[in-house]
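S.K.: Each chain is listed here by its residues.
Number of protein chains: 2
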Amino acid sequence: MTTAKLDVIGIGNAIVDVISQSDNAFLAAQAMDKGAMMLIDEPRAEAIYGAMGPGIEASGGSAGNTVAGVASLGGKAGYIGKVRNDVLGKVYRHDITAAGVAFPTPAAETGPATARCLILVTPDAQRTMNTFLGACVGLGPHDVDADFIASAQVTYMEGYLYDPPLAQEAFRKAAEIAHAAGRKVALSLSDSFCVHRHRQAFLDFIEGHVDVLFANEAELTALFETEDFDKAAAAIRRLTELAAVTRGAEGSVVITRDQIIEVPAAAVARVVDTTGAGDLYAAGFLYGLTRNLPLAECGRIGSIAAAEIISHYGARPETPLAALIQA
Amino acid sequence: MTTAKLDVIGIGNAIVDVISQSDNAFLAAQAMDKGAMMLIDEPRAEAIYGAMGPGIEASGGSAGNTVAGVASLGGKAGYIGKVRNDVLGKVYRHDITAAGVAFPTPAAETGPATARCLILVTPDAQRTMNTFLGACVGLGPHDVDADFIASAQVTYMEGYLYDPPLAQEAFRKAAEIAHAAGRKVALSLSDSFCVHRHRQAFLDFIEGHVDVLFANEAELTALFETEDFDKAAAAIRRLTELAAVTRGAEGSVVITRDQIIEVPAAAVARVVDTTGAGDLYAAGFLYGLTRNLPLAECGRIGSIAAAEIISHYGARPETPLAALIQA
Chain A
1 MTTAKLDVIG
11 IGNAIVDVIS
21 QSDNAFLAAQ
31 AMDKGAMMLI
41 DEPRAEAIYG
51 AMGPGIEASG
61 GSAGNTVAGV
71 ASLGGKAGYI
81 GKVRNDVLGK
91 VYRHDITAAG
101 VAFPTPAAET
111 GPATARCLIL
121 VTPDAQRTMN
131 TFLGACVGLG
141 PHDVDADFIA
151 SAQVTYMEGY
161 LYDPPLAQEA
171 FRKAAEIAHA
181 AGRKVALSLS
191 DSFCVHRHRQ
201 AFLDFIEGHV
211 DVLFANEAEL
221 TALFETEDFD
231 KAAAAIRRLT
241 ELAAVTRGAE
251 GSVVITRDQI
261 IEVPAAAVAR
271 VVDTTGAGDL
281 YAAGFLYGLT
291 RNLPLAECGR
301 IGSIAAAEII
311 SHYGARPETP
321 LAALIQA
Chain B
1 MTTAKLDVIG
11 IGNAIVDVIS
21 QSDNAFLAAQ
31 AMDKGAMMLI
41 DEPRAEAIYG
51 AMGPGIEASG
61 GSAGNTVAGV
71 ASLGGKAGYI
81 GKVRNDVLGK
91 VYRHDITAAG
101 VAFPTPAAET
111 GPATARCLIL
121 VTPDAQRTMN
131 TFLGACVGLG
141 PHDVDADFIA
151 SAQVTYMEGY
161 LYDPPLAQEA
171 FRKAAEIAHA
181 AGRKVALSLS
191 DSFCVHRHRQ
201 AFLDFIEGHV
211 DVLFANEAEL
221 TALFETEDFD
231 KAAAAIRRLT
241 ELAAVTRGAE
251 GSVVITRDQI
261 IEVPAAAVAR
271 VVDTTGAGDL
281 YAAGFLYGLT
291 RNLPLAECGR
301 IGSIAAAEII
311 SHYGARPETP
321 LAALIQA
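Protein chains in written order, with the working numbering: chain A, 1 to 327; chain B, 1 to 327.
Hints are computed from structural coordinates only; laboratory data are not their basis.
Treat the numbers as computed from the prediction; the structure is a model and nothing was measured.
Positions of the beta carbon are idealized from the N, C-alpha and C atoms, including for glycine.
Hints may contain errors.
[Stated by the list, open to error] Cβ pair distances, simulated, as ranges:
no.: 1; chain 1: A; residue 1: 31; chain 2: B; residue 2: 43; range: 56 to 62 Å
no.: 2; chain 1: A; residue 1: 249; chain 2: B; residue 2: 227; range: 50 to 56 Å
no.: 3; chain 1: A; residue 1: 109; chain 2: B; residue 2: 208; range: 50 to 56 Å
no.: 4; chain 1: B; residue 1: 140; chain 2: A; residue 2: 146; range: 53 to 59 Å
no.: 5; chain 1: A; residue 1: 124; chain 2: B; residue 2: 297; range: 46 to 52 Å
no.: 6; chain 1: A; residue 1: 106; chain 2: B; residue 2: 296; range: 58 to 64 Å
no.: 7; chain 1: B; residue 1: 109; chain 2: A; residue 2: 179; range: 50 to 56 Å
no.: 8; chain 1: A; residue 1: 323; chain 2: B; residue 2: 323; range: 31 to 37 Å
[What the hints assert, rightly or not] The calculated SDA-like cross-link candidates involving lysine to any residue, where the alpha carbons are at most 20 Å apart (straight line), are:
no.: 9; chain 1: A; residue 1: 90; chain 2: B; residue 2: 49
no.: 10; chain 1: B; residue 1: 76; chain 2: A; residue 2: 53
no.: 11; chain 1: B; residue 1: 90; chain 2: A; residue 2: 112
no.: 12; chain 1: B; residue 1: 34; chain 2: B; residue 2: 196
no.: 13; chain 1: A; residue 1: 90; chain 2: B; residue 2: 42
no.: 14; chain 1: A; residue 1: 90; chain 2: B; residue 2: 53
no.: 15; chain 1: B; residue 1: 90; chain 2: A; residue 2: 254
no.: 16; chain 1: A; residue 1: 76; chain 2: B; residue 2: 53
no.: 17; chain 1: B; residue 1: 90; chain 2: A; residue 2: 76
no.: 18; chain 1: B; residue 1: 90; chain 2: A; residue 2: 231
no.: 19; chain 1: B; residue 1: 90; chain 2: A; residue 2: 44
no.: 20; chain 1: A; residue 1: 231; chain 2: A; residue 2: 254
no.: 21; chain 1: B; residue 1: 90; chain 2: A; residue 2: 41
no.: 22; chain 1: B; residue 1: 90; chain 2: A; residue 2: 42
no.: 23; chain 1: A; residue 1: 90; chain 2: B; residue 2: 47
no.: 24; chain 1: A; residue 1: 90; chain 2: B; residue 2: 34
no.: 25; chain 1: A; residue 1: 90; chain 2: B; residue 2: 86
no.: 26; chain 1: B; residue 1: 90; chain 2: A; residue 2: 293
no.: 27; chain 1: B; residue 1: 90; chain 2: A; residue 2: 43
no.: 28; chain 1: B; residue 1: 90; chain 2: A; residue 2: 49
no.: 29; chain 1: B; residue 1: 90; chain 2: A; residue 2: 47
no.: 30; chain 1: A; residue 1: 90; chain 2: B; residue 2: 44
no.: 31; chain 1: B; residue 1: 90; chain 2: A; residue 2: 53
no.: 32; chain 1: B; residue 1: 90; chain 2: B; residue 2: 113
no.: 33; chain 1: B; residue 1: 90; chain 2: A; residue 2: 46
no.: 34; chain 1: A; residue 1: 90; chain 2: B; residue 2: 76
no.: 35; chain 1: A; residue 1: 90; chain 2: B; residue 2: 41
no.: 36; chain 1: A; residue 1: 90; chain 2: B; residue 2: 125
This is chain A alone, in the form it adopts within the complex (with noise of 0.2 Å):
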């Protein structure tokens, strides 16, 4: 096995966010379900945008925001992912180059426009997203080469991609591809909802080809329908070696075969938007792992990782994280 070049690659949504301050009410109007994900098509984008108030764009994505956070930690990082060769997928291009992302896959030049989601970030800080998936839809197994994938230590995967029809073919084969040259995968359950979507397709491929995992309480516990904690670890330490699990202000937990590490979170001053809290915290754990540290210590840049995230509107770092785990 060479030296690897990258750390970490990772593959997911190409997304940008439209990040809008919102209240209840309007989420209830709406019909949202706080908190979560919901796939709208074009014309119900158009309503929301249409309803909702002022906006800033960013690019986001979850695991573009992963791979971003690598690189503000001073990793080396890629991405695939689809975008239109439109105006937001030039700025999707232009914000994931320039974080120092190595980003290959070409944009699409026909059909649907790049992804928007739209975030409704309401006063108790907490996001509700409606994702318009656009260009995504076109990413497909052709998009995942094999000399970048064996070119990077870890393949972390974004559970959204199961949403995609063509995605999770190209998830397989970049497993296969990962494995074939002694290099790890990792992937995030992304949403409770989208585990309830998945579900067996999670179980089977978590079995099959994941080393490392990423979920929160709620897409855990929704993995394996329990509302036990300790029965979902317990249950996820059967499938995989390694499983990192969020719990929001109380931390996080690492879960190994034979130990649990109860990781703290770090102090925000005031949190302003949890959009890429969990995105982030994977940033910081794999750019932890790929150096070889301790898991706590996994952990801890995660959550010095997800502090600064959400302490800003955006899913993308505002401070250098690498000073930030130096102080």
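Since the structure of chain A is provided, determine the placement of chain B on it from the hints.
M.R.: For chain B alone, kept in the frame of chain A given last:
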């Protein structure tokens, strides 16, 4: 004179900001004047965008920020400015109308794209702006509707509008309509380099048409080609009945024919990005003025609005300003 339906109408360049963190070395390498606004063409915009870091996109434009601020304070506001019927133009229209501002100007259906301003924010929170005017060059007298202008207590114009060729005519037309309807005309000098470009035109316009002038120290002293603030203050009170001059962390000075009122700056926990500070000061000041509040109180509201905007990236309020001035 009928009761005004609107408090403030802004006329300005309708611009989408692309905000990125940067450093002094980047500004030097790109030969940018720190703190200034430079006009650039589309190829230069592409070159800077390619070189700069990841960004966030947010509606901006000086007068657009001001009227969004007036609306956030609870005032009634309108806007005249020119976008193209493209993706960013749609974003601009969404954001300003979702803020509660009436925006009747139709989008251009041909010609250059919606304007963009590439804003580099340095760690000292200073912003350096590079503006591709795009569709703004199409704004002209035909976009100034007499009934609309006559419906507002104050028509507020940004000095930046002296850069696109047709807008000066729009300016004069709007001022004449406003005065014929018994309304007031306000002008912001916008930028000291802009003052150097259009000094005589500004002097002529102020003397003939401006009731309320907004400037910062550098702009006011540039207008009178002096280094001496007191001399500039004496000169401006001969030209206009009311001037509000911002002095950064030192607050502002309100100058009338017979008095000078010093207004302290409002406290800010951490200054992040000074983009929009002057625009929001004007918003607060005009909000007070259109409610016939004492000038010191107008300045105080301006200071509070400015303090909110410099505490985060972007030049549109994140916190409803009405709540802040009541606190």
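S.K.: Is the Cα-Cα distance between residue 90 of chain A and residue 42 of chain B 20 Å or less?
M.R.: holds (15 Å)
S.K.: Please verify whether residue 90 of chain B and residue 76 of chain A have alpha carbons no more than 20 Å apart.
M.R.: Violated: residue 90 of chain B and residue 76 of chain A sit about 36 Å apart, past 20 Å.
S.K.: Starting from residue 90 of chain A, check that the Cα of residue 44 of chain B is at most 20 Å away, please.
M.R.: holds (16 Å)
S.K.: Could one say that the CB atoms of residue 31 of chain A and residue 43 of chain B fall in the range 56 to 62 Å?
M.R.: violated (47 Å)
S.K.: With the threshold set at 20 Å, check whether the alpha-carbon distance from residue 90 of chain B to residue 44 of chain A stays at or below it.
M.R.: Holds. Residue 90 of chain B to residue 44 of chain A sits at ~16 Å (cutoff 20 Å).
S.K.: What's the verdict on residue 90 of chain A and residue 53 of chain B, does the C-alpha distance respect the 20 Å limit or exceed it?
M.R.: holds (14 Å)
S.K.: Is the Cα-Cα distance between residue 90 of chain B and residue 254 of chain A 20 Å or less?
M.R.: Violated. Residue 90 of chain B to residue 254 of chain A sits at ~45 Å, over the 20 Å cutoff.
S.K.: Verify the proposed pairing of residue 90 of chain B with residue 231 of chain A, using a straight-line Cα cut of 20 Å.
M.R.: violated (49 Å)
S.K.: Would you mind confirming whether the straight-line C-alpha gap from residue 90 of chain A to residue 49 of chain B stays at or under 20 Å?
M.R.: Answer holds: residue 90 of chain A to residue 49 of chain B is near 11 Å, not above 20 Å.
S.K.: Are residue 76 of chain A and residue 53 of chain B close enough, with their CA atoms no more than 20 Å apart?
M.R.: Between residue 76 of chain A and residue 53 of chain B the Cα gap is close to 16 Å, so the pair holds against 20 Å.
S.K.: Sort out whether residue 41 of chain B lies within 20 Å of residue 90 of chain A, counting only the CA atoms.
M.R.: Distance ~18 Å between residue 90 of chain A and residue 41 of chain B Cα, so the pair holds.
S.K.: Could you check the hint for me, namely that residue 109 of chain B and residue 179 of chain A are 50 to 56 Å apart, CB to CB?
M.R.: holds (54 Å)
Violated hints, in rising order: 1, 5, 15, 17, 18, 24, 26, 34 and 36; the structure is consistent with all others.
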